[in-house]
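When you get a sec, could you build the whole thing from the sequences and use the hints?
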Amino acid sequence: MFNLKSILGIKTLLFRVFVFFITFNSLALAEQKDTIKMAISLEPPMVDFIDGEYVGRHVDVMRLFAEKLNKKLQFLRCPVARCFAMIESGQADMIFAIRKTQAREKYIAYLERPFEVQHFPLRFYLPYNSKLQIKHSADLNDLSIGVLRGYTYFDDFDDNRHLNKIAVTTHTQLIKMLLNKRLDTFIEREESIIPLVDSETYKTKLKLAEYKYDESVNSYIGISKKSSLYQDLGPISKKLTDLLDNGAIDSIMN
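For what it's worth, the numbering used here labels the leading residue of the sequence shown as 1, then goes sequentially.
Some hints could be false.
Okay, derived cross-link-like pairs now, DSS-like style, lysine-lysine, Cα gap no bigger than 27 Å in a straight line [claimed, not checked]:
1. Lys72 to Lys239
2. Lys176 to Lys135
3. Lys106 to Lys238
4. Lys203 to Lys135
5. Lys100 to Lys207
6. Lys238 to Lys212
7. Lys176 to Lys37
8. Lys33 to Lys238
9. Lys203 to Lys33
10. Lys135 to Lys165
11. Lys68 to Lys239
12. Lys165 to Lys203
13. Lys225 to Lys205
14. Lys225 to Lys71
15. Lys212 to Lys131
16. Lys100 to Lys225
17. Lys212 to Lys165
18. Lys181 to Lys131
19. Lys135 to Lys205
Calculated directly from the structure, the hints in this document are not laboratory data.
These numbers come from a predicted model, not from an experiment.
Structure (C-alpha coordinates):
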(Lines of atoms letter the chains of each structure in order from A; the text may use other names.)
(Lines give C-alpha, C1' and ligand atoms only; values in the text may rest on other atoms or scores of the structure.)
Protein backbone atom coordinates (compact mmCIF):
# COMPACT_ATOMS: atom_id res chain seq x y z
CA MET A 1 0.00 0.00 0.00
CA PHE A 2 1.21 3.50 -0.85
CA ASN A 3 0.99 6.01 1.98
CA LEU A 4 0.29 9.70 1.46
CA LYS A 5 3.99 10.58 1.61
CA SER A 6 4.84 8.04 -1.11
CA ILE A 7 2.06 9.31 -3.36
CA LEU A 8 3.21 12.92 -2.93
CA GLY A 9 6.76 11.83 -3.71
CA ILE A 10 5.70 10.11 -6.93
CA LYS A 11 3.67 13.16 -7.97
CA THR A 12 6.66 15.42 -7.30
CA LEU A 13 8.93 13.16 -9.36
CA LEU A 14 6.47 13.04 -12.26
CA PHE A 15 6.10 16.83 -12.14
CA ARG A 16 9.89 17.26 -12.27
CA VAL A 17 10.12 14.87 -15.22
CA PHE A 18 7.33 16.79 -16.97
CA VAL A 19 9.09 20.13 -16.36
CA PHE A 20 12.37 18.64 -17.62
CA PHE A 21 10.86 17.49 -20.91
CA ILE A 22 9.01 20.78 -21.40
CA THR A 23 12.25 22.69 -20.78
CA PHE A 24 14.28 20.35 -23.00
CA ASN A 25 11.79 20.61 -25.86
CA SER A 26 11.65 24.39 -25.51
CA LEU A 27 15.44 24.63 -25.66
CA ALA A 28 15.52 22.28 -28.66
CA LEU A 29 12.93 24.38 -30.49
CA ALA A 30 14.85 27.56 -29.69
CA GLU A 31 18.03 25.96 -30.98
CA GLN A 32 16.26 24.95 -34.19
CA LYS A 33 15.02 28.49 -34.76
CA ASP A 34 18.53 29.87 -34.25
CA THR A 35 20.09 27.39 -36.69
CA ILE A 36 20.01 27.25 -40.48
CA LYS A 37 20.16 23.70 -41.78
CA MET A 38 22.09 24.15 -45.02
CA ALA A 39 21.98 21.39 -47.65
CA ILE A 40 25.31 21.27 -49.47
CA SER A 41 27.14 18.98 -51.86
CA LEU A 42 30.87 18.99 -52.52
CA GLU A 43 31.98 20.99 -55.53
CA PRO A 44 35.56 22.26 -55.22
CA PRO A 45 36.66 25.01 -55.17
CA MET A 46 33.27 26.42 -54.13
CA VAL A 47 32.56 23.76 -51.49
CA ASP A 48 35.12 21.29 -50.20
CA PHE A 49 35.78 19.31 -47.01
CA ILE A 50 39.40 19.45 -45.87
CA ASP A 51 40.84 18.38 -42.49
CA GLY A 52 37.37 18.02 -41.00
CA GLU A 53 36.17 21.45 -42.07
CA TYR A 54 34.05 22.82 -44.90
CA VAL A 55 35.95 25.36 -46.96
CA GLY A 56 35.52 27.27 -50.22
CA ARG A 57 34.13 30.50 -51.61
CA HIS A 58 30.50 29.46 -51.30
CA VAL A 59 31.10 28.23 -47.75
CA ASP A 60 32.55 31.62 -46.82
CA VAL A 61 29.48 33.34 -48.27
CA MET A 62 27.17 30.95 -46.39
CA ARG A 63 28.91 31.73 -43.10
CA LEU A 64 28.80 35.47 -43.73
CA PHE A 65 25.10 35.30 -44.61
CA ALA A 66 24.26 33.23 -41.50
CA GLU A 67 26.16 35.74 -39.37
CA LYS A 68 24.18 38.59 -40.95
CA LEU A 69 20.98 36.74 -40.03
CA ASN A 70 22.24 36.12 -36.46
CA LYS A 71 21.92 32.39 -37.03
CA LYS A 72 24.12 29.37 -36.46
CA LEU A 73 24.91 27.22 -39.48
CA GLN A 74 24.54 23.45 -39.65
CA PHE A 75 25.84 21.82 -42.84
CA LEU A 76 23.90 18.81 -44.13
CA ARG A 77 26.10 17.13 -46.71
CA CYS A 78 24.21 15.29 -49.42
CA PRO A 79 24.35 14.35 -53.11
CA VAL A 80 22.63 16.99 -55.23
CA ALA A 81 19.40 15.06 -55.79
CA ARG A 82 19.18 14.23 -52.08
CA CYS A 83 19.79 17.90 -51.18
CA PHE A 84 16.77 18.96 -53.21
CA ALA A 85 14.68 16.16 -51.68
CA MET A 86 15.62 17.43 -48.20
CA ILE A 87 14.61 20.96 -49.17
CA GLU A 88 11.31 19.70 -50.57
CA SER A 89 10.51 17.75 -47.40
CA GLY A 90 11.64 20.51 -45.04
CA GLN A 91 14.53 18.48 -43.58
CA ALA A 92 16.83 21.30 -44.71
CA ASP A 93 16.09 25.02 -44.59
CA MET A 94 18.31 26.49 -47.26
CA ILE A 95 20.28 25.58 -50.38
CA PHE A 96 22.96 27.62 -52.13
CA ALA A 97 24.01 28.37 -55.70
CA ILE A 98 21.06 26.95 -57.62
CA ARG A 99 19.37 27.85 -60.89
CA LYS A 100 15.82 29.09 -60.81
CA THR A 101 13.49 26.63 -62.54
CA GLN A 102 9.72 26.35 -62.69
CA ALA A 103 9.76 22.84 -61.24
CA ARG A 104 11.81 23.90 -58.22
CA GLU A 105 9.63 26.92 -57.51
CA LYS A 106 6.92 24.52 -56.36
CA TYR A 107 8.84 23.86 -53.14
CA ILE A 108 11.65 26.46 -53.09
CA ALA A 109 11.28 30.17 -52.39
CA TYR A 110 14.15 32.06 -54.04
CA LEU A 111 15.71 35.12 -52.50
CA GLU A 112 15.01 38.10 -54.70
CA ARG A 113 18.51 38.67 -56.10
CA PRO A 114 21.09 36.12 -57.27
CA PHE A 115 24.14 36.15 -55.03
CA GLU A 116 26.39 35.28 -57.96
CA VAL A 117 26.38 35.35 -61.75
CA GLN A 118 28.15 32.25 -63.07
CA HIS A 119 30.33 33.21 -66.06
CA PHE A 120 32.27 29.98 -66.57
CA PRO A 121 31.04 28.08 -69.65
CA LEU A 122 29.70 24.54 -69.50
CA ARG A 123 32.05 22.22 -71.39
CA PHE A 124 31.86 18.67 -72.70
CA TYR A 125 34.78 16.46 -71.72
CA LEU A 126 36.18 13.65 -73.86
CA PRO A 127 38.91 11.07 -73.31
CA TYR A 128 42.14 12.47 -74.72
CA ASN A 129 42.44 9.73 -77.38
CA SER A 130 38.75 9.86 -78.39
CA LYS A 131 38.02 10.32 -82.07
CA LEU A 132 34.61 11.79 -81.35
CA GLN A 133 34.03 15.41 -82.27
CA ILE A 134 31.38 17.55 -80.61
CA LYS A 135 31.16 20.78 -82.57
CA HIS A 136 27.42 21.34 -82.38
CA SER A 137 24.58 20.30 -80.10
CA ALA A 138 23.43 17.77 -82.72
CA ASP A 139 26.71 15.91 -82.23
CA LEU A 140 25.49 14.86 -78.79
CA ASN A 141 22.89 12.58 -80.33
CA ASP A 142 23.64 8.87 -79.83
CA LEU A 143 26.36 9.60 -77.26
CA SER A 144 26.33 8.46 -73.66
CA ILE A 145 26.53 11.70 -71.68
CA GLY A 146 27.41 11.82 -68.01
CA VAL A 147 25.44 14.24 -65.82
CA LEU A 148 25.05 14.76 -62.10
CA ARG A 149 21.78 13.49 -60.68
CA GLY A 150 19.59 16.42 -59.64
CA TYR A 151 21.59 19.04 -61.57
CA THR A 152 20.23 21.35 -64.22
CA TYR A 153 22.54 22.75 -66.90
CA PHE A 154 20.80 24.77 -69.59
CA ASP A 155 17.27 24.54 -70.94
CA ASP A 156 17.94 23.10 -74.41
CA PHE A 157 20.08 20.36 -72.88
CA ASP A 158 17.86 19.70 -69.85
CA ASP A 159 14.67 19.53 -71.91
CA ASN A 160 16.08 17.26 -74.63
CA ARG A 161 14.67 13.86 -73.68
CA HIS A 162 16.18 12.17 -76.72
CA LEU A 163 19.72 12.45 -75.37
CA ASN A 164 21.20 9.45 -73.57
CA LYS A 165 22.02 11.03 -70.20
CA ILE A 166 23.58 8.84 -67.54
CA ALA A 167 23.13 10.31 -64.07
CA VAL A 168 25.70 9.72 -61.33
CA THR A 169 26.20 11.14 -57.85
CA THR A 170 29.59 12.89 -57.92
CA HIS A 171 32.04 14.65 -60.20
CA THR A 172 34.63 12.00 -59.38
CA GLN A 173 32.33 9.32 -60.77
CA LEU A 174 31.98 11.28 -64.01
CA ILE A 175 35.75 11.43 -64.43
CA LYS A 176 36.32 7.75 -63.62
CA MET A 177 33.55 6.56 -65.92
CA LEU A 178 34.88 8.66 -68.79
CA LEU A 179 38.44 7.40 -68.33
CA ASN A 180 37.13 3.81 -68.12
CA LYS A 181 35.18 4.35 -71.37
CA ARG A 182 31.82 3.88 -69.72
CA LEU A 183 30.82 7.32 -71.00
CA ASP A 184 31.44 9.07 -74.30
CA THR A 185 31.42 12.50 -72.69
CA PHE A 186 30.22 14.42 -69.67
CA ILE A 187 29.16 18.01 -69.09
CA GLU A 188 30.64 20.30 -66.45
CA ARG A 189 32.50 23.55 -65.87
CA GLU A 190 36.29 23.42 -65.89
CA GLU A 191 36.56 25.03 -62.46
CA SER A 192 34.69 22.06 -60.96
CA ILE A 193 36.86 19.39 -62.63
CA ILE A 194 40.37 20.84 -62.43
CA PRO A 195 40.60 20.55 -58.59
CA LEU A 196 39.68 16.84 -58.75
CA VAL A 197 42.49 15.54 -60.98
CA ASP A 198 46.23 16.05 -61.02
CA SER A 199 47.61 18.32 -63.74
CA GLU A 200 49.24 15.43 -65.64
CA THR A 201 45.97 13.51 -65.89
CA TYR A 202 44.13 16.64 -66.92
CA LYS A 203 46.61 17.35 -69.72
CA THR A 204 47.15 13.82 -71.04
CA LYS A 205 43.89 11.93 -70.41
CA LEU A 206 41.14 14.52 -70.82
CA LYS A 207 40.26 17.03 -73.50
CA LEU A 208 37.52 19.55 -74.12
CA ALA A 209 35.10 19.33 -77.01
CA GLU A 210 34.70 22.37 -79.23
CA TYR A 211 30.99 22.78 -78.43
CA LYS A 212 30.19 24.62 -75.19
CA TYR A 213 27.39 26.54 -73.53
CA ASP A 214 28.77 30.00 -72.86
CA GLU A 215 25.91 32.00 -71.37
CA SER A 216 25.98 33.60 -67.92
CA VAL A 217 23.76 31.88 -65.33
CA ASN A 218 22.30 33.43 -62.19
CA SER A 219 22.97 31.52 -58.97
CA TYR A 220 20.33 31.90 -56.26
CA ILE A 221 19.85 31.08 -52.60
CA GLY A 222 16.71 29.03 -52.01
CA ILE A 223 14.60 28.47 -48.89
CA SER A 224 12.37 25.47 -48.33
CA LYS A 225 8.71 26.45 -48.30
CA LYS A 226 8.35 24.07 -45.34
CA SER A 227 11.05 25.87 -43.32
CA SER A 228 10.25 28.39 -40.60
CA LEU A 229 12.58 30.74 -42.50
CA TYR A 230 10.00 30.95 -45.28
CA GLN A 231 7.89 33.26 -43.09
CA ASP A 232 10.76 35.77 -43.08
CA LEU A 233 11.52 35.61 -46.79
CA GLY A 234 11.29 39.38 -47.28
CA PRO A 235 13.64 40.40 -44.44
CA ILE A 236 16.08 37.61 -45.39
CA SER A 237 16.16 38.85 -49.00
CA LYS A 238 16.85 42.34 -47.65
CA LYS A 239 19.87 41.04 -45.68
CA LEU A 240 21.25 39.49 -48.87
CA THR A 241 20.72 42.74 -50.76
CA ASP A 242 22.68 44.60 -48.07
CA LEU A 243 25.62 42.21 -48.44
CA LEU A 244 25.52 42.54 -52.23
CA ASP A 245 25.26 46.32 -52.18
CA ASN A 246 28.11 46.84 -49.72
CA GLY A 247 30.44 44.55 -51.73
CA ALA A 248 30.94 41.99 -48.93
CA ILE A 249 29.96 39.02 -51.12
CA ASP A 250 31.92 40.26 -54.14
CA SER A 251 35.04 40.53 -51.98
CA ILE A 252 34.73 36.82 -51.14
CA MET A 253 33.85 35.62 -54.63
CA ASN A 254 36.63 37.63 -56.28
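Consistency of the hints with the structure:
1. Lys72 to Lys239: OK: lysine 72 and lysine 239 at ~15 Å, within 27 Å.
2. Lys176 to Lys135: Within the cut-off at roughly 24 Å; holds.
3. Lys106 to Lys238: This hinted pair holds, its Cα atoms lying about 22 Å apart.
4. Lys203 to Lys135: Holds. Lysine 203 to lysine 135 sits at ~20 Å (cutoff 27 Å).
5. Lys100 to Lys207: Between lysine 100 and lysine 207 the Cα gap is close to 30 Å, so the pair fails against 27 Å, i.e. violated.
6. Lys238 to Lys212: Violated: lysine 238 and lysine 212 sit about 35 Å apart, past 27 Å.
7. Lys176 to Lys37: violated (31 Å)
8. Lys33 to Lys238: holds (19 Å)
9. Lys203 to Lys33: violated (48 Å)
10. Lys135 to Lys165: Given that 27 Å is the threshold and the Cα spacing comes to 18 Å, the pair holds.
11. Lys68 to Lys239: holds (7 Å)
12. Lys165 to Lys203: Distance ~25 Å between lysine 165 and lysine 203 Cα, so the pair holds.
13. Lys225 to Lys205: violated (44 Å)
14. Lys225 to Lys71: Holds, at roughly 18 Å.
15. Lys212 to Lys131: Holds: lysine 212 and lysine 131 sit about 18 Å apart, inside 27 Å.
16. Lys100 to Lys225: Roughly 15 Å separates the two Cα atoms, so the pair holds.
17. Lys212 to Lys165: Between lysine 212 and lysine 165 the Cα gap is close to 17 Å, so the pair holds against 27 Å.
18. Lys181 to Lys131: holds (13 Å)
19. Lys135 to Lys205: holds (20 Å)
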